[in-house]
Every structure is written in structure tokens, then in C-alpha cells.
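Novice: If you want the building blocks of each chain, they are given just below.
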Amino acid sequence: GENVEQHPSTLSVQEGDSAVIKCTYSDSASNYFPWYKQELGKGPQLIIDIRSNVGEKKDQRIAVTLNKTAKHFSLHITETQPEDSAVYFCAAWSGGYQKVTFGIGTKLQVIP
Amino acid sequence: EAQVTQNPRYLITVTGKKLTVTCSQNMNHEYMSWYRQDPGLGLRQIYYSMNVEVTDKGDVPEGYKVSRKEKRNFPLILESPSPNQTSLYFCASSPGVGGVYEQYFGPGTRLTVT
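Protein sequences, first through last, are from chains A and B. Heads up: the first sequence at position 99 corresponds to 99 in the numbering used here, and the numbers run straight through without jumps. Heads up: the second sequence at position 46 corresponds to 1046 in the numbering used here, and the numbers run straight through without jumps.
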């Protein structure tokens, strides 16, 4: 089955700096890669996603890049703010958009 | 308001006592799924359902059952809970059709089995 590895597990940045979280996947048939933000006491919330036929996607301060050949994708947050502090999860969908495998999560701390 | 609801939010029970965690969505979504979240392991998929009466195993289905008799509901059943099922559980739904797979998560159910 699919295996998703996520790095780093914790990340501290100064407010205004950029943060990058990386994930690799094993199943070359995986074709949809969402990123979720989970705040304390809440369920994960989708922040950005990318499909296998796209190399990069941006939404304001957030961007995701996908390298299908290397089977890795990354989340980039620019101009970080304290409210960006949360746990971020990557995921990969396989089996024709049926099974979902998550990374273990990255706890991001933005220091004011 | 479009949402996924779970009940109960918190549950403490004893080993072997059957329990059901309910999940309901009001968005007419085709796809629903259950996850458990454990420290250091992220979210792991337990079961998913592509539509009514269609369910399939995720990565950690042992000890769990599900049913999908109605489109809006997807209950998670633990027939004989054990302490290793102590976890935070999330239900999620997604349109699942038309190339739209964004998942909406419920608020979570924290289960403790003693």
C-alpha cells in the first residue's frame, strides 16, 4: 500500500520567515495530494491541494509543489504569521480517489 | 450550515462494552471515511464508503465495523473495544464525484477504553 513520509516533525520559524514542509510517497498511482491544517482541539481543514497533472499551485501565502518523478511534494508558507502555528498534514489519495494515506504531521510554531 | 457532526465528542468506556460513534453530514456527499489519530502516527484511515451500501477497508480496520445505510450517516461500531482503541477519531466526507475530493472533517471523538 501507499506510504507517506513527512518532514520535519517540528518546525519553528520567526514571524515573517518562510516555512517548508516536505512529503514523499511510494505509490506512483497516487494522483491527488491535499494539505491540511489542524488547530488545537479541531478537525483537520484543507488548505491547499494539487493533482498529479499539475506541478505547482499557489493560494496567497501558501503554495504546493509536486515532483511526480521523484514522488515528493512540498508545502511552502511565506510571510508566516502567529496564526499559522498549527499541525500540518500532507496526504496522498490512491486507488482511484478512494484510499487516503496521511503523513505523521508537522507541528509549526511561528515565533512573534 | 454545511458540516459534519460526530457524537459523542468524548467517551470513556470499559473493555468489551459495544459502542457506536455516529457521523452525519448535511452536504449530500457521496464519500465518507473514518480516521483515528494517535501521537506520532498521524491520521490513519479505518474504513471508507464511496456510496450507500458500499464500504471498504482502510489501513487499520481491525476491531471496527461500519455501515452506510443512508447517504448522510456513517456510524463507526466497536463491537468489543480494547484499550488499544483509545484514540481520537475523526469522520470526514467529500463530494467524491465530478473530480471534487476535498474532505470536510468532523470535530472529533475522543475515546478512552479502560
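Among the clues, some could well be false.
Pairs of lysine-lysine, DSS-like flavour, derived with a Cα cap of 25 Å [what the hints assert, rightly or not]:
| no. | chain 1 | residue 1 | chain 2 | residue 2 |
| --- | --- | --- | --- | --- |
| 1 | B | K1065 | A | K99 |
| 2 | A | K99 | B | K1069 |
| 3 | A | K57 | A | K107 |
| 4 | A | K22 | A | K58 |
| 5 | A | K99 | A | K37 |
| 6 | A | K22 | A | K42 |
| 7 | A | K99 | B | K1071 |
| 8 | A | K99 | B | K1057 |
Some chain A residues flagged as far from chain B (calculated, every beta-carbon gap over 12 Å) [said to hold, decoys possible]:
| no. | residue |
| --- | --- |
| 9 | E2 |
| 10 | K22 |
| 11 | A29 |
| 12 | P44 |
| 13 | L46 |
| 14 | T65 |
| 15 | K71 |
| 16 | S74 |
| 17 | V87 |
By construction, these hints were calculated from the structure, which means they are not laboratory data. Even for Gly, the Cβ is constructed at its ideal location relative to N, Cα and C.
Novice: Could you run down the list of hints and mark each one as holding or not?
Specialist: Outcome of the hint check:
1. Between B:K1065 and A:K99 the alpha-carbon distance is near 17 Å, which keeps this suggested pair within the 25 Å criterion.
2. The hinted pair formed by A:K99 and B:K1069 meets the criterion: a straight-line CA distance of about 20 Å does not exceed 25 Å.
3. Our distance criterion of 25 Å between C-alpha atoms is met by A:K57 and A:K107, whose separation comes to about 22 Å.
4. The suggested pairing of A:K22 with A:K58 holds, with an alpha-carbon distance near 16 Å, which does not exceed 25 Å.
5. Between A:K99 and A:K37 the CA atoms are separated by roughly 20 Å; this keeps the pair inside 25 Å, and the hint holds.
6. Annotation: proposed proximity of A:K22 to A:K42 holds, straight-line Cα distance about 23 Å (limit 25 Å).
7. Distance restraint check for A:K99 and B:K1071: the Cα-Cα separation of roughly 19 Å lies within the 25 Å cut-off, and the hinted pair is therefore satisfied.
8. Proximity of A:K99 to B:K1057 is assessed by CA-CA distance (about 9 Å); at most 25 Å being required, the pair is judged to hold.
9. A Cβ of chain B approaches the Cβ of A:E2 within 12 Å, the least distance being about 9 Å, so the stated non-interface status is violated.
10. Every Cβ of chain B is farther than 12 Å from the Cβ of A:K22; the closest lies at roughly 15 Å, confirming the non-interface assignment.
11. For A:A29, the requirement that its beta carbon stay farther than 12 Å from each beta carbon of chain B is met, with the minimum near 15 Å.
12. The Cβ of A:P44 does not lie farther than 12 Å from every Cβ of chain B; its closest approach is about 5 Å, which violates its non-interface assignment.
13. A:L46, annotated as away from the interface, has a beta carbon of chain B within 12 Å; the closest lies near 5 Å.
14. No Cβ of chain B comes within 12 Å of the Cβ of A:T65; the nearest lies about 19 Å off, and the non-interface call holds.
15. Every Cβ of chain B is farther than 12 Å from the Cβ of A:K71; the closest lies at roughly 18 Å, confirming the non-interface assignment.
16. No Cβ of chain B approaches the Cβ of A:S74 within 12 Å, the least distance being about 17 Å, so the stated non-interface status holds.
17. Remark: the non-interface label on A:V87 conflicts with the geometry, its nearest Cβ contact in chain B lying 9 Å away (cut-off 12 Å).
Comparing the model with each earlier hint shows violations of hints 9, 12, 13, 17; every other hint is respected.
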